[in-house]
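Asks: The lines below spell out each chain.
Number of protein chains: 2
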Amino acid sequence: MEEEIMLEEEQITELLDAKQYHKLKEILSEMNEADIAAILAEIPEDKLPLVYRILPKELAAEVFVNMDSDAQEILIRAFSDTELREVLDELYVDDAVDVIEEMPATVVKRILMHTDPEVRKSINEILKYPEDSAGSLMTIEYVDLKKYMTVEDAFTRIRRTGVDKETIYVCYVTDENRKLLGLVTVKDLLLNEYSKKMFEIMETNVICVNTLDDKEDVADKFQKYDMMAVPVVDQEHRLVGIITFDDAMDVLQDENTEDIEKMAAITPTDKPYLKMSVIDTWKTRFPWLLLLMVSAAFTGKIIQSFESALQAQIVLTSFIPMLMDTGGNCGGQASVTIIRSLSLGDIEYSDVFKVIWKEFRVAFLCGITLAVVNFAKLMLFDKVGVMVSLTVCLTMIMTIIFAKFVGSTLPILAKRLGFDPAVMASPFITTIVDAISLIVYFNIAGLILKI
Amino acid sequence: MEEEIMLEEEQITELLDAKQYHKLKEILSEMNEADIAAILAEIPEDKLPLVYRILPKELAAEVFVNMDSDAQEILIRAFSDTELREVLDELYVDDAVDVIEEMPATVVKRILMHTDPEVRKSINEILKYPEDSAGSLMTIEYVDLKKYMTVEDAFTRIRRTGVDKETIYVCYVTDENRKLLGLVTVKDLLLNEYSKKMFEIMETNVICVNTLDDKEDVADKFQKYDMMAVPVVDQEHRLVGIITFDDAMDVLQDENTEDIEKMAAITPTDKPYLKMSVIDTWKTRFPWLLLLMVSAAFTGKIIQSFESALQAQIVLTSFIPMLMDTGGNCGGQASVTIIRSLSLGDIEYSDVFKVIWKEFRVAFLCGITLAVVNFAKLMLFDKVGVMVSLTVCLTMIMTIIFAKFVGSTLPILAKRLGFDPAVMASPFITTIVDAISLIVYFNIAGLILKI
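Line by line, the protein sequences give chains A and V.
The opening position of the first sequence corresponds to residue 23 in our numbering, with each subsequent residue numbered one higher.
The opening position of the second sequence corresponds to residue 23 in our numbering, with each subsequent residue numbered one higher.
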């Protein structure tokens, strides 16, 4: 697949250099818009407008939607006013909003100037919704029907207006105040008599979302209810737009990326890695590193306060990394499992005791088995003596139990307190577990080795 | 939302206890199948068949698909042969396959015995495909059209057969050997004249997948091309089934869970957390912990070999956790960023030098800024002397540069070698970076502190 695109890219550069525009148009017209956008991302900036202009008009708009914002900006700056208007006319309102959100103010002004007044009003409406809300995600291009329309009326309406709608397969029945009454799918329309009225065939128990709902909740609803589109209503239950499954899929993927970044102690961004400047990347990483570094300093303090014990048994120092790492890994496993389960809805706050009990038993099993292997290794290979081996292995069991406890409860607690549980992943858990493991270590050493 | 379901659940238990089955049926009939399944998961096992039987027949089958396999098994065991047949008749083939895949052999036998012979053949076909392949995911219930059919013929066919199809909105045009020729959407049908023929309006440039393609690639295609369904073809390009967006969304979510688990050094499973036994959970975690523990032992060896240096300057010990943790966190940030970018297709192998150069600059910035803060802290609060502070801060800068290098290159290398890059996340990177940071630390200490 990758190979295929690479080949076509070379071919296109060749045709471009040979000025064989007609041939180029022929090839591009046969391709999928997402693939063309991927190729345009690779060709030199100055040739971008040239190739773009070769595309048939309708395909051009579809390719435009699939390009990243940098490429879009280059094109918009190269467009004549007429060209800009032509592209804008082909865009769905939600796509237009996506484009605008990424552009500098001057470009936004130019875009809005060349948009149809009706559409401009809608764009401005959508821009007013909070960034991560359902309202910011929706499109206003849906098919609306009235309750006394017949199936035949509905088909007539779809045929007349459907070409500009993002989906025609789910239609919404509203009353005179735009209040949402029900939904009718095209499947319903096709499988019913022409004379049936909407109110007879519509589904009235409609899953919908509010304009101010978080987009993550919207994606979760798609996931749960397997819908093709979801209607977006305002506080008065008036239908204002719809969100289609492809947008929900993008949200799902973005939210996953965000969670993964948070789990690695990175401030989430929606920019692709290679598009971010070094300074911006640094900004997403440095604050967390600083916070974690300062927290880790406390662990150092613990070692300092046991300095004399260490000096008496310097061999103990060499097991610190293993104990800290194992604790961190155990805590990380537990926290990531719980964070993911919370986000998938597999567990909730009320399961906290079930989780603790389960993690305790898993920790006990992991602790015993790792300790046994470790004890054998210490006695047979490292030959460090029974008492030191015992100290290390007991510490290991205790540390693992603490680590799994901390790792599994902190994310649940964070969620309960309204924070994002994803932050309570390996880096933070490791820092906490490090301190605990050292305190346990030195105390057990004190008891067993009498230092 | 959560609140709402809780309320209904209590209500249902009450009605059940009061034997108000009629009222119960009324309430349940108004609810969404996914919500009913969620509620049934909470009621006592022995009451499950009772409540299930209250549901209207068609809704019952939809609820059945939404339940987890344990509940499905309970029901199947409680069903009479007639009931079983009724449910099976309502299932799409891909859903039936999903159910069967999770059942013990005896239940599978009983299910297949009561399936329509035609469907049984299809189920057996699908069961033959490898577990994670497109073939195992597809359904065979699609609308197929012929190239000389008119729009009117197509509508007739959809009206006649559409009720049992998983989607009717995308129809596939095949030749007499079932070879895929093109696709026609219902939108195309609605917006064209009744007399138009399929070959005039069909899209011939069809994105399709092969039966043996990995389901992850299938999900990526949905993500990239915003499709409602994708046709599945065999090696001879014959159409054998379709996969719909809702299944692709589930795959996407499963793949994300798998990646996240791998990044935390857990063997992925598809069982929800609370459904797994303690032993099974232990099995997913222990091997990785053991591997990492053994690797961490090498870090201990490094400390041992510098024991005399440490004894001369015992204060150095107290900075080991901070240096190791910071290194691990920096490496983790880089590796997770790269793993995710690889999986989203934002970077590929050919970008490896761009990545290294970028991470080098980010690491340098992070290193310098963290070292400055740390130096100030060491001099002002810890009062450890210039030379020791210098040793710690220089080590920090070097460690961060190494950590970001290792963290960013290993996932790319793993992918290049055909391994899953997700394994090269924090736990492994931390273990490697720990060793590097200690070697750097003791060498710099040797140079600066002359120990």
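Watch out, some of these pointers could steer you wrong.
Where chains are identical, the list cannot tell them apart; a pair therefore holds if satisfied intra-copy or between any two copies.
Derived DSS-like pairs: lysine-lysine, alpha-carbon spacing no greater than 27 Å straight-line [claimed, not checked]:
# : residue 1 : residue 2
1 : K376      : K284
2 : K47       : K168
3 : K323      : K201
4 : K297      : K399
5 : K69       : K305
6 : K41       : K246
7 : K187      : K209
8 : K168      : K79
Just so you know, these hints were derived from the structure itself, not from any lab.
Quick caveat, the model's predicted, so the values are computed rather than measured.
Asks: So, for every hint listed, does it hold in this structure?
Replies: For each hint, the structure was consulted:
no.	hint	result
1	K376 - K284	both (26 Å within a copy, 24 Å between copies)
2	K47 - K168	neither (44 Å within a copy, 30 Å between copies)
3	K323 - K201	neither (64 Å within a copy, 72 Å between copies)
4	K297 - K399	neither (48 Å within a copy, 35 Å between copies)
5	K69 - K305	neither (33 Å within a copy, 56 Å between copies)
6	K41 - K246	neither (52 Å within a copy, 30 Å between copies)
7	K187 - K209	both (17 Å within a copy, 10 Å between copies)
8	K168 - K79	neither (34 Å within a copy, 30 Å between copies)
Violated hints, in rising order: 2, 3, 4, 5, 6 and 8; the structure is consistent with all others.
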